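2 protein chains.
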Amino acid sequence: MKTVRRIFISCVLVVLACAALSTTIQAADPLPSWNHGAAKNSILQFVAKVTNEGSPDFVPPAERIAVFDNDGTLWAEQPMYFQFLFMLDRIKALAPQHPEWKTQEPFASLLKGDMKAVLAGGEKALGQLMMATHVGMTSEEFKKSVSDWVATARHPKTGRLFTEMVYQPMLELLAFLRENGFKTFIVSGGGIEFMRPWSQRVYGIPPEQVIGSSVKTKFDLRDGKPVLVRLPEINFVDDGPGKPVGIQMHIGRRPIAAFGNSDGDLQMLQWTAAGEGPRFMLLVHHTDEEREWAYDRQSPIGRLDKALDEAQRRGWTVVDMKKDWKRVFPF
Amino acid sequence: MKTVRRIFISCVLVVLACAALSTTIQAADPLPSWNHGAAKNSILQFVAKVTNEGSPDFVPPAERIAVFDNDGTLWAEQPMYFQFLFMLDRIKALAPQHPEWKTQEPFASLLKGDMKAVLAGGEKALGQLMMATHVGMTSEEFKKSVSDWVATARHPKTGRLFTEMVYQPMLELLAFLRENGFKTFIVSGGGIEFMRPWSQRVYGIPPEQVIGSSVKTKFDLRDGKPVLVRLPEINFVDDGPGKPVGIQMHIGRRPIAAFGNSDGDLQMLQWTAAGEGPRFMLLVHHTDEEREWAYDRQSPIGRLDKALDEAQRRGWTVVDMKKDWKRVFPF
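So the protein lines, in turn, are chains U and F. Heads up, the numbering used here is the position in the first sequence plus 838, with the first residue counted as 1. Heads up, the numbering used here is the position in the second sequence plus 838, with the first residue counted as 1.
Treat the hints as calculated values from the structure; they're not laboratory data. Hints may contain errors.
Since the list gives no way to pick out one identical chain from another, each pair is judged satisfied if it fits inside one copy or across any two copies.
Subject to a maximum C-alpha distance of 25 Å in a straight line, what follows is the list of computed BS3-like cross-link-like pairs (lysine-lysine) [as the list claims (entries may be wrong)]:
1) K1144 / K1063
2) K1144 / K1056
3) K930 / K962
4) K1056 / K981
Here the structure is a predicted model, which means the values were calculated and not measured.
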């Protein structure tokens, strides 16, 4: 009897120990959606060394600035940039107030669903669609139109809310960096006011840490009430060589880590890499046509060509989405 | 003996209690350089109500945004804006590399010390001085020139470093707000890159929370090394109606508290006041010609006229520097 009891107790203890160990292992992995491999290791090693006070690579928390592109880096960008889809939806929503659009291009083609004709209009057509949906209203009215759309619009392929089309491994990475004293910023070619209404809720990034493209705005008093009116004039294009400019304008110091996915992020990564001390540069390579999309050098959206060459030449981390990510989306 | 001992012990206890009480009272005053009065009370009451979770006026920490003008609000601005003095000093420092300035206006007059002739040149002369000192170099070179100047240049009247010419009561106010979960920003007509090199050290405000006027910059590769070059073109004027625009561009949400001292801050205070929920607007009124300077409606620098009227009409807090501040400078 005594032996049986002893064996039983031993078994219970082993089970408990295993459970405890597995909890510890799980708790110890801050990036559970990343497969073990070079990409994950490079992140863990970088964060370990810059946060280790004894290390020559230690970086004080105030200087732990990390910048993230948005389209294709934090959320998907296919079959086209989500802000473009927002614009098309807004045209449809505003059409009842604009009967003249029924005969006026590019609105007429768009309302008939003839996207080919719309795109054939080129930059001029795009400019007209932007005018009708992005300017002429106050900053608060624009914010409301974005919030309403984000709360209801669905992705054409997955049927998910656009804010669900975010990459689970990148959400974990954002949280992991912040837990380690990093300040995380978005630096996107997309509209700054298009991202701010939901960046805190979705990414944990407050509006004051969002950098993007913008139109000019003008302070005005309407019936004594101050408003900011969005004007039909480009203020800043936060893409390519504009990204380091936007970073300097908004942050005023050089990031130590930069995350992108396309040639539009190349200068941001170059600017980050050129600082002194430890640096981390990462590109997300879209290689998974089953779970997401596969595209790079030939894609009109999110083209990754020169930046991929430079990453390989300089040893920057390149994430192979298919291989490195256990899971792509949160759903 | 027993009675004597009891009395002695009682005395010791009373002394200890008094000491403890006085420490508590001192510790309880977060604004020791502010005299008791309406201005100090209005600050304390505002902070108390927005941080009291039971209050209907409670504001979540993320929305506790406070914006501060710099010249005349956080540091002095007489006999002229300190950035203007920086510019004059830079011309003198650069003169050996520019022998042509000896005969070329406005440089020639400036180098001879004839400020009247320089100022007679108006905006054109000012523009030429700006060109020679603020653009054409990289952002890092400009930062170095500011840092060097701030470390050594002296105020013409007090002989103090310019970073000592800051208002002790405002330093206490900045710290008090931050202790209560506020995020403090500078929103100044001065140059954004002129303030950033020292804002953390002097005000506890990191570069990413500094908003100001700027020139355009351009990303470039010099011998393969990325640089940002400062161009001879105005990018943004963060003054008057520009301040709400700058706030929206950089912060993306409306402040709940705004601090200024001149008509250039009027729209910032109006924009802040027009939000929903509790609001706090304050103007520093320069009334102390003994300890600082006295000026308002007629001053070409820091003119306070329309904003003073509006503050009085709307019940904004107006600080009477002479009456409300126990101490002006830290020295």
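Checklist line | In rising order, the numbers of the hints this structure does not comply with | finding: Violated: none.
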